[in-house]
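J.: So the sequence shown is residues 1 to 124, counted in the UniProt record's numbering.
In short, the hints are calculated from the structure, not lab data. All values derive from a computational prediction rather than experimental measurement. Treat the hints with caution; some may be incorrect.
DEER-style ranges, computed between Cβ atoms [what the hints assert, rightly or not]:
| id | residue 1 | residue 2 | range |
| --- | --- | --- | --- |
| 1 | Arg93 | Ala7 | 15 to 23 Å |
| 2 | Asp68 | Pro44 | 31 to 39 Å |
| 3 | His3 | Ala87 | 31 to 39 Å |
| 4 | Arg93 | Asp13 | 32 to 40 Å |
| 5 | Ala71 | Gly115 | 19 to 27 Å |
| 6 | Leu4 | Gly107 | 24 to 32 Å |
| 7 | Ala7 | Thr111 | 30 to 38 Å |
| 8 | Arg11 | Leu32 | 15 to 23 Å |
| 9 | Thr5 | Gln124 | 16 to 24 Å |
| 10 | Gly28 | Ala71 | 35 to 43 Å |
| 11 | Ala7 | Thr103 | 15 to 23 Å |
| 12 | Ala7 | Ala71 | 22 to 30 Å |
Even glycine gets a Cβ: it sits at the ideal position worked out from N, Cα and C.
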Amino acid sequence: MPHLTTATTRRFDMHDVTFTSYASSATGATRLAAWRVDVPPGTPGQVHAMSQEECLTVLTGSLDVEIDDEAFTARAGDAVLVPAGAAFRVSNRTDEPAAAWVTTLLGMTATMADGAPVTPPWAQ
């Protein structure tokens, strides 16, 4: 299915964040996963590490990003390249909602800071 519309998306909520899946195996993708993430104001991020690198592009608002020992604010139009295995957290400490577009390879999994494994359905 090459034309991915909002009617074909699947939505998932985790840690007070909404993930809207566009490209996944469920929509016919064979290598890439792509989704929109919507982060409400005042949402603290959860530290996790991913099995694949990920590219996050901020669409609206701004996000506070931590990758290993580096911390910065990514604003609309900025992209963030997250290496596989890095300790990663995205928070929205502002009073405005933020949204980002994320891409990675299909099959990406994550490990939470407490060691709990996560298989995000939007990346499968």
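J.: Return the numbers of the hints above that this structure violates; sort them in rising order.
T.: 1, 2, 4, 6, 12
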